[in-house]
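Enquirer: Those sequence lines, one after another, are chains F and B. Using full-length UniProt numbering, the letters of the first sequence map in sequence onto residues 1 to 214. Using full-length UniProt numbering, the letters of the second sequence map in sequence onto residues 1 to 83.
These are computed hints drawn from the structure, not numbers from a lab. Some hints here could point you the wrong way.
Stated by the list, open to error - Residues from chain F that keep clear of chain B, each with C-beta distances beyond 10 Å, as calculated:
1) A16
2) R17
3) R47
4) P138
5) E192
As the list claims (entries may be wrong) - If you want a taste of the chain F side facing chain B, the calculated C-beta under 10 Å gives, among others:
6) V117
7) D186
8) P189
Ideal placement from N, C-alpha and C gives every residue a C-beta, glycine not left out.
Listed below are the residues making up each chain.
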Amino acid sequence: MAECLRGPARVEAALARLGAALPDCRAAVVPVARTEGPKARRAAEFRAGRLAAAAASASLTGMPCLAGRGADGAPLWPAGLTGSISHSGGQALALVGPSARRAGLGVDIEGPLSPRVAAEIAPVALTPEERACFGTDPVWVGLIFSAKESLFKALSPRIGRRFDFDAARLLPGGATQPPLLCLTCDLAPGWEAGRRIEPVLIAHEQGVMTAVAL
Amino acid sequence: MTLTTTSTVPDRDWLSARLNSLLEDEGPIDPAESLIYYGLDSLRVMKLAAELKAHGIHVGFEDLAREPTLDAWTALIDARRDG
Numbered sequence: 001m002a003e004c005l006r007g008p009a010r011v012e013a014a015l016a017r018l019g020a021a022l023p024d025c026r027a028a029v030v031p032v033a034r035t036e037g038p039k040a041r042r043a044a045e046f047r048a049g050r051l052a053a054a055a056a057s058a059s060l061t062g063m064p065c066l067a068g069r070g071a072d073g074a075p076l077w078p079a080g081l082t083g084s085i086s087h088s089g090g091q092a093l094a095l096v097g098p099s100a101r102r103a104g105l106g107v108d109i110e111g112p113l114s115p116r117v118a119a120e121i122a123p124v125a126l127t128p129e130e131r132a133c134f135g136t137d138p139v140w141v142g143l144i145f146s147a148k149e150s151l152f153k154a155l156s157p158r159i160g161r162r163f164d165f166d167a168a169r170l171l172p173g174g175a176t177q178p179p180l181l182c183l184t185c186d187l188a189p190g191w192e193a194g195r196r197i198e199p200v201l202i203a204h205e206q207g208v209m210t211a212v213a214l
Numbered sequence: 001m002t003l004t005t006t007s008t009v010p011d012r013d014w015l016s017a018r019l020n021s022l023l024e025d026e027g028p029i030d031p032a033e034s035l036i037y038y039g040l041d042s043l044r045v046m047k048l049a050a051e052l053k054a055h056g057i058h059v060g061f062e063d064l065a066r067e068p069t070l071d072a073w074t075a076l077i078d079a080r081r082d083g
């Protein structure tokens, strides 16, 4: 099951947990500079995200990378690297790994959901099976929403198509098995309905952090 | 939950008002500009998709995320409402 981290270290502890789950990858967090207005905030988030990617890459390869920007806003990685960037709550997180070993990486952070917002988004973010299993528990709705964001970031560039939140559902974990994402439809050759992918699910006091490494 | 009690049929004015509230933006929104640049994030897109669903308009998250502009979303909602 996803562990809920408590205590003052929160994001740092979550980051350490993410690093331990994906030992061939590196993650880094950079605070987003405070700015006035949404456009300046967006620019500050972009800068912090690219700086986090450079820090993660420096940790992995000894050299900071400069991630470009694709037409859809998704980062473009230099040869040999793949990765993902997310921002929320004044922090930017980047996950970078070797493209020779990883077909795609997706990472996502979200702030804590209120019970009201969790109940509002559950009908769209969760499949009926997920709602039957997890209800509208704010931590699980947050984890499932975030895990599907991570899946999209990791898989969509790989298969060259976009897909919605009903394309996968989270299967609950058991005593010996972690929760798994299961595709609900055929997305691409090799990515058919029923294919299971293990996400990294981390809940902490400031929200959730998830990752999907293919 | 107050979503289902609203009687207003979502249209461009409804959408514009909801976006101004969701984005906490003081200025007007350029209808052709990507809402990402106004601070729209995936959770807010999800909230809007959920509100539309509560109004009986079934627009997927991905339908909205593909082209996040006020113009595109108005056309999408008009098409789903009439269809």
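Enquirer: Against this structure, judge whether each hint is valid.
Expert: Here is how each hint holds up against the structure:
1. A16: Nearest chain B Cβ is 25 Å from A16/F, so the label holds.
2. R17: Answer for R17/F: holds, closest chain B Cβ roughly 22 Å.
3. R47: Consistent with the label, R47/F stays out of reach of chain B, its closest Cβ about 15 Å off (over 10 Å).
4. P138: For P138/F, whose nearest Cβ neighbour in chain B is about 12 Å away, the distance exceeds 10 Å, so it holds.
5. E192: holds (19 Å)
6. V117: holds (7 Å)
7. D186: violated (16 Å)
8. P189: For P189/F, the interface hint is violated, since the closest Cβ of chain B sits about 21 Å away, which is over 10 Å.
Consistency note: the structure conflicts with the earlier hints numbered 7 and 8.
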